[in-house]
Amino acid sequence: MLKKIFCFRKYIIFTGVFIGISATVLQKLGNPANMGICIACMERDIAGALGLHRAAVVQYIRPEIIGFVFGSLIAALIFKEFKARSGSAPLMRFVLGFLAMIGALVFLGCPWRTLLRLAGGDGNALFGLAGLITGILVGIFFIKSGYNLGRNQRTYPLVGWIMPLIMMGLFLLLLFRPQLPSGAVFFSSQGPGSQHAPLFIALLVAMVIGFLAQRTRFCTVAAVRDVILIKDTYLFTGVISLLLAALVSNLILKQFHPGFQGQPIAHTNQLWNFGGMVLAGLAFTLAGGCPGRQLFLSGEGDADAAVFVLGMIVGAGFAHNFDTASSPQGPGLWGPASVIVGLIICLIIGFSMSDLMKKKKEA
Amino acid sequence: MKGNYSVVIFYSTSAAIRAESLAKKDELIVKLIPVPRNLSSDCGICLRFNNEDKPKIEKILQDGKVEYENIYGI
Chain C
1 MLKKIFCFRK YIIFTGVFIG ISATVLQKLG NPANMGICIA CMERDIAGAL GLHRAAVVQY
61 IRPEIIGFVF GSLIAALIFK EFKARSGSAP LMRFVLGFLA MIGALVFLGC PWRTLLRLAG
121 GDGNALFGLA GLITGILVGI FFIKSGYNLG RNQRTYPLVG WIMPLIMMGL FLLLLFRPQL
181 PSGAVFFSSQ GPGSQHAPLF IALLVAMVIG FLAQRTRFCT VAAVRDVILI KDTYLFTGVI
241 SLLLAALVSN LILKQFHPGF QGQPIAHTNQ LWNFGGMVLA GLAFTLAGGC PGRQLFLSGE
301 GDADAAVFVL GMIVGAGFAH NFDTASSPQG PGLWGPASVI VGLIICLIIG FSMSDLMKKK
361 KEA
Chain E
1 MKGNYSVVIF YSTSAAIRAE SLAKKDELIV KLIPVPRNLS SDCGICLRFN NEDKPKIEKI
61 LQDGKVEYEN IYGI
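Quick mapping for you: the protein sequence lines, in order, are chains C and E. Here the first sequence stands for residues 1 to 363, numbered as in our numbering. Here the second sequence stands for residues 1 to 74, numbered as in our numbering.
By construction, these hints were calculated from the structure, which means they are not laboratory data. Treat the hints with care, as some may be off.
Said to hold, decoys possible - Pairs of lysine to aspartate or glutamate, EDC-like flavour, derived with a Cα cap of 16 angstroms: (1) Lys83/C <-> Glu69/E; (2) Lys24/E <-> Glu58/E; (3) Lys231/C <-> Glu20/E; (4) Lys54/E <-> Glu20/E.
Can you make the complete structure from the sequences, with help from the hints?
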């Protein structure tokens, strides 16, 4: 029985373990602490490099993001799963991506980094994790009430290639680092943005992750959703594997520092660690997947997932320009307000795009 | 075991849930499962049913106006 389970699940376990180990090793090779991989933080750094925000310490074109899309693209092409598709409420996905980023930057991390922060001993991440699960639960309530974004349609192959091409453009900017009079492309000289693993190692590792994740459908948000909604633990096995592998790897690499105070790129305001991730978890669930999954989908031709990613990148620019993003000192001036407004918007989306409104009208 | 079941693939998770509740109302034995990897790379949910119930399932989906992508034997 156990063997059968393992056989069926060995790929998802391997994917989780590979991500967990890679993240901690990338940290060892130069990425910021407990941020070996963080989709939200890394997209935020890309937003900074492009000048969408001017927070000088978080600007770098992270090759990991590029690699995730390329890896998924290659897997999809090899296994003939590249399908250009779009038209499932793209603008709504942009808004959800934007809000997910607002929430993630109040907590300071995406679901992946939540796990990696836990594996690094950061107790504050427990509140983020609780928030994430709460957000997913609210999302499940809407899904059970008929919430959906409408179906997508097959479309011209070029549409599916837009995201990989954008990533190719970013890769060229990273490689040649042109300096324009405006100051772009911006690269941090200090702070987390200046800390990075060697470019080609990071790119290669991320491509392997993208490849594996495309094959296994690895997703941190759907993992929790499936456990609760249909009592299926396939994806969840991958998430647990990631957490355990990162924990063991951190212990070996001496990167495990348990505690709440002074954790790297984290703050101790637990209310908003929780609140930020409620917003992010809800927005991810309403959009159908975690930020990693959205990248992998955009690599295999899903233009709606690509719009979500662009929403996240723009959201990161907004978060730093309008002081909604947290810093190690605590939430930004407008952080709490932005989470509350974001939650209200998500609730309106959930109600109005489900059967809840219809039922009310009929009653 | 292989060959006894089929799955309906939907465009949304909520459609799958709706189909499940409709099928259960008609006392069919169905189960929501993750979409089998070989059918689609979506991380979505599909509805599994016994092959012999296929006509009933199709009727339920049609009557309930549940839009679905396809039905596959697994």
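Status of each hint after checking the structure:
1. Lys83/C <-> Glu69/E: Given that 16 angstroms is the threshold and the Cα spacing comes to 15 angstroms, the pair holds.
2. Lys24/E <-> Glu58/E: holds, 14 angstroms
3. Lys231/C <-> Glu20/E: With Cα atoms ~14 angstroms apart, Lys231/C and Glu20/E stay inside 16 angstroms; holds.
4. Lys54/E <-> Glu20/E: holds, 14 angstroms
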